[in-house]
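> My request is simple: use the sequences and hints to build the entire structure.
Just so you know, the sequences run in chain order A and B. Take our numbering: the last position of the first sequence gets the number 145, and nothing is skipped along the way. Take our numbering: the last position of the second sequence gets the number 1042, and nothing is skipped along the way.
Check each hint, because a few of them may be wrong.
Quick list of the computed label-pair ranges, beta carbon to beta carbon [to be verified]:
id, chain 1, residue 1, chain 2, residue 2, range
1, B, 943, A, 80, 36 to 46 Å
2, A, 16, B, 728, 58 to 68 Å
3, A, 107, B, 857, 55 to 65 Å
4, A, 1, B, 1019, 20 to 30 Å
FYI, nobody ran anything at the bench for these hints, they're computed from the structure. Bear in mind the structure is a predicted one, so any value in this text is a computation, not a measurement. The beta carbon of each residue, even a glycine, is placed where N, CA and C say it ideally should be.
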Amino acid sequence: MTVLKVGHRPEVYSAEAVYFDGTSAVPRHVSVTVDEDSRSLVAHAGADFRWPLADIREVLDQAGGDQMVIQRVGDPVQRVILPNRDLAPRLPNRTRSPRIAKRKALFGWSVAALASVALIIFVLVPAMANQLARFIPPKANAPLAKSPLIRSALHWTRPG
Amino acid sequence: MVGTRRALFWLALKTGVLTVLTLGIYRFWMKTRLRRWYWSAIRPGGHPLEYVGDPIEKLLGFLFAVVILAFYIGIVNLLLMFASFALFQGNFAAYAISLIGVIPIWFYAQYRARRYVLARTRWRGLRFGLEPGAWGYAGRALMHWVITLLTLGLLWPRMTFWLEKYKTDRTFYGCARMHQNGKWTMLYPAMMPFFGAAALGAAGVAGIYLGNIPLGTGICIIAGFVAIYGLAFYRVRTLQLLTNHKTINGVGLTITPSPFRVLLIYVLGTLLACAVVFVPLMLLGVLLLLIQSADLLAEMDLEDVIAPIAGTGRYAIIAASALLYFTVFLLWSAITNAFITFPIIRHYFASLTLAPPDGVISIRQRPRDEFAEAEGFADALDVGASL
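Below you can see the structure in the form of structure tokens.
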């Protein structure tokens, strides 16, 4: 049986790229192509990897605009530097998060941090101020009561 | 080095607008995106640096620092204040102790910020890193500052050298440790303009004493300018001398920046930024004056005079003032990024060479430094390690 593929077929992609494996500082010059059947970026000479196009993320906000740095989702260290941006339209999840940082834990800690600030300001400081006020000798208290800052504070807190 | 000032200007302006619109929350993203851009513009040996910091960890770090500072300002200062009132019948002692207490935290924050930034920097797929040692750094920095101040700045190069050596000897690229070689006395040539300024200043003061006030004052003013150049000269020349004596895995670094060029970029960039924000700033001044005078005239029962700018007109003016204020802030940040920070970084890195260039090939990866608090303290205290 003959299978006829109908519809737009993307142009064949191939490029000479630089690959960093994330364990050594050696730049590896590799040829990469897109395997249309498995929808993956495949390395040929120089290294051996096969990255599904949907798993590829671009490293964003790069200066120059002449090359394109890509990484694989969930992988913090491997990088491929492509000599141009021709692969960009083929990457469905190009600008999505590479999901490296543990953001859930970070969010949890942020909430805890805000809660402790509220605790310090609204509970600890007023409670301590009341306790410590007993230790102020009357001699020190007298000039304090006359200071304009304290007088205005008392004016605002006292009803009437 | 790659990248254009125009691209950076738009990135800084765009992220700045988002920061204003989100009431400041986007600034952690702004900082991350600008750093990514800067890092990628630097390509030692043809391969770009990469910045991999996460905005959320910066936000958390900031909040964490806020917790500690709230504790410090709220609880510790409260205790100090009460102790001060109880023992000394006044609050001066509390303020003094509280301020002195912040100084070591400032140095501590500087070191932690450097550790975070290095831990989030990559080159050729390998991580940089800085060993823990922030309190050691803070202690040494305090000691060196005291010595420098007691010797009226004569031992400044000694402080510059030993603090840089402390940081450099704890810096890693992959598994390779960096070394700061050389001696502290090698930095004295960087002090030459300062010595010139001091000599000129002494001559000027002598002139004033001897009765020739115009000549003496003139010489003192010239001495001031020489001292300003001296500051740029010292910073650039010490950076060059220190960098040229650094090695990592047998690879030596070299840079050849020009102090005059760096000062010129600063002066021209600042002038440009001032010129651009001048018109919105003037407008803002006029509007604020209008609001102020409206209050004054209302108090003097002269409401008819201010009728056109009362009611809704008044709110329009306040809104316009706020808009102008943010315009000034955004333009300033975008211009200083594009016309000061970037040109200076470009100038430094354009001359960077590594010799022998393939000496880094044998270096292997280092493990990730989690460092969840990021650079929160540096951010909250603004220690000047902002880029």
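> Indicate, hint by hint, whether the structure satisfies it.
Hints, verified against the model:
1. At about 42 Å, the CB distance of residue 943 of chain B to residue 80 of chain A agrees with the hint of 36 to 46 Å.
2. Checked against the hint of 58 to 68 Å, the pair residue 16 of chain A and residue 728 of chain B passes, with Cβ atoms roughly 60 Å apart.
3. The given range of 55 to 65 Å is respected by residue 107 of chain A and residue 857 of chain B, whose C-beta atoms sit roughly 58 Å from each other.
4. For residue 1 of chain A and residue 1019 of chain B, the Cβ-Cβ distance of about 26 Å falls inside the hinted range of 20 to 30 Å, so the restraint holds.
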